[in-house]
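Novice: Each chain, letter by letter, is given below.
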Amino acid sequence: MKQWWWKFLAVGLVLIASIAALRTPLAPAVVHASEGALKPGPNTVTVLGYATRFTQESPRVFVENGGQFIAADQVEVLDDRRITARFLVPEGLREDMSDLLVSTTTQGTMRLFDAFYNPEKGSGALEGVTEGPPRTERTDFAFPNRNILYESIRNLHFHVPMWFTMMLLQTIALVFSISVLGSGNPLHDRGALAAVHVSLLFAGMGLLTGSLWARATWGGWWTSDAKLNGAAVTVLIYLAYLVLRGSVNDPAKRARLAAIYNVFAYVLMLLFIMALPRMTASLHPGSGGNPAFSQYDLDDSLRPVFYAAVLGWMGIGTWLLNLQYRLARIEIAHDHAHHR
Amino acid sequence: MTMRTTVRLFLLLVVLTAPSAAFAQGEPDWLVDTLYGSGKINTVVAVVSVILLGLALWLFRLDRRIARIEQRTK
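Heads up: the protein sequence lines correspond to chains A and B, in order.
Numbers 1 to 340, taken from my numbering, label the letters of the first sequence in order.
Numbers 341 to 414, taken from my numbering, label the letters of the second sequence in order.
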């Protein structure tokens, strides 16, 4: 068989990316504090970590409010994941919310944003504040441990490549359709159909995986998010392409009509998936701006794994299309042989 | 036949993964949110399963189409 290399490459990339996506450890993080509010005076808080090893560290615990730090005067390590800390909170802290910081020697400084509510606001504490912990950067390779996401951040390498692959396949379908408009080649018409078919497989997997992920993080199987509804409308538009084909009997007319519709479908897909979600607030990262330029949504440790997964899945999608296309060619040749 | 089996397998998967909320009754909210299912790793398992089932579904379809051509060429 000719040109196997890219198929091996695609499988290899998906394999490596999937192993990295599942095996890379999560960065240690502070995930919970037992108290919701800190009043002036002594407060005792139990801190819960994830992927931490507090017993091997000598953790120092801080509260930060508006740039002012309060160090815990008593810290007791219960086990690798739990610490009890006592704070003497001064009066007059100026912000509504305080962050909780745990500074360790080997795992860096972990921060739980907006951990405590400050019921009695002032104009800044005058005493009882200290220097903050040193700013430390972790050097080991680990995925970011984000609030709400936790381990499910690994889904990035499975869910998102489905949509990238869908868009690649729909782009190939567009190229086939434009070719049909120029040449009327029935094989290219079948190629466009095959590309739409495979793209719908990936869209379906994207919708289902997204739904599962949304249930675990946003709390619902479906939310009225601009990107979700845009993706659903895109799937409906491409399903309508299949319906349109089914409703025309003359092959030549069907090929031209389907090609024209496909051009419109592609433009609508770009509009609903790429353009509109960026103009509204969305639960998806990168909305209300350009995700390609956002350094906050895609951490450096996620990036290489994600790109390998996207390229690999695109290769798998192209391979599926390649099989469908060759099958269509056999079918056409076979039909010709029988009509003669 | 094969299609029906695939759909049943998928429904089974959904039924198996859905009841995490029911399981967690009596647990404090933060435990459900942060740590239930070992930090939400079960979501990743479900997502990978969906993708594998999707590819299997495609193989079934391809298999049927090839079988059809084989019958016609006989």
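Hints in this document: simulated from the structure, not taken from any laboratory.
Some clues are possibly wrong.
Quick list of the computed label-pair ranges, beta carbon to beta carbon [stated by the list, open to error]:
# : chain 1 : residue 1 : chain 2 : residue 2 : range
1 : B       : V385      : A       : R146      : 16 to 26 Å
2 : B       : A396      : A       : M97       : 18 to 28 Å
3 : B       : F400      : A       : L78       : 49 to 59 Å
These stretches of chain A come out as covered by chain B in the derived footprint (C-beta under 8 Å, 3 or more residues) [unchecked claim]:
# : segment
4 : 154 to 161
5 : 204 to 211
6 : 317 to 331
For each residue, glycine too, the CB sits at the ideal point set by N, CA and C.
Novice: Now tell me if each hint is right for this structure.
Specialist: Status of each hint after checking the structure:
1. Our hint of 16 to 26 Å for V385/B and R146/A holds, since their Cβ atoms are close to 19 Å apart.
2. For A396/B paired with M97/A, a C-beta distance near 48 Å fails the hint of 18 to 28 Å.
3. Taken as a hint, the range 49 to 59 Å holds for the pair F400/B and L78/A, whose Cβ atoms sit roughly 53 Å apart.
4. Counting residues of the segment 154 to 161 of chain A whose CB falls under 8 Å from any CB of chain B gives 4; the rule of at least 3 is met.
5. Given as covered by chain B, the segment 204 to 211 of chain A passes the check, having 4 residues with a CB less than 8 Å from a CB of that chain where 3 are the minimum.
6. Residues of the segment 317 to 331 of chain A with a Cβ under 8 Å from some Cβ of chain B number 6, which satisfies the need for three, so the listed coverage holds.
Of the numbered hints stated above, the single one contradicted by the structure is hint 2.
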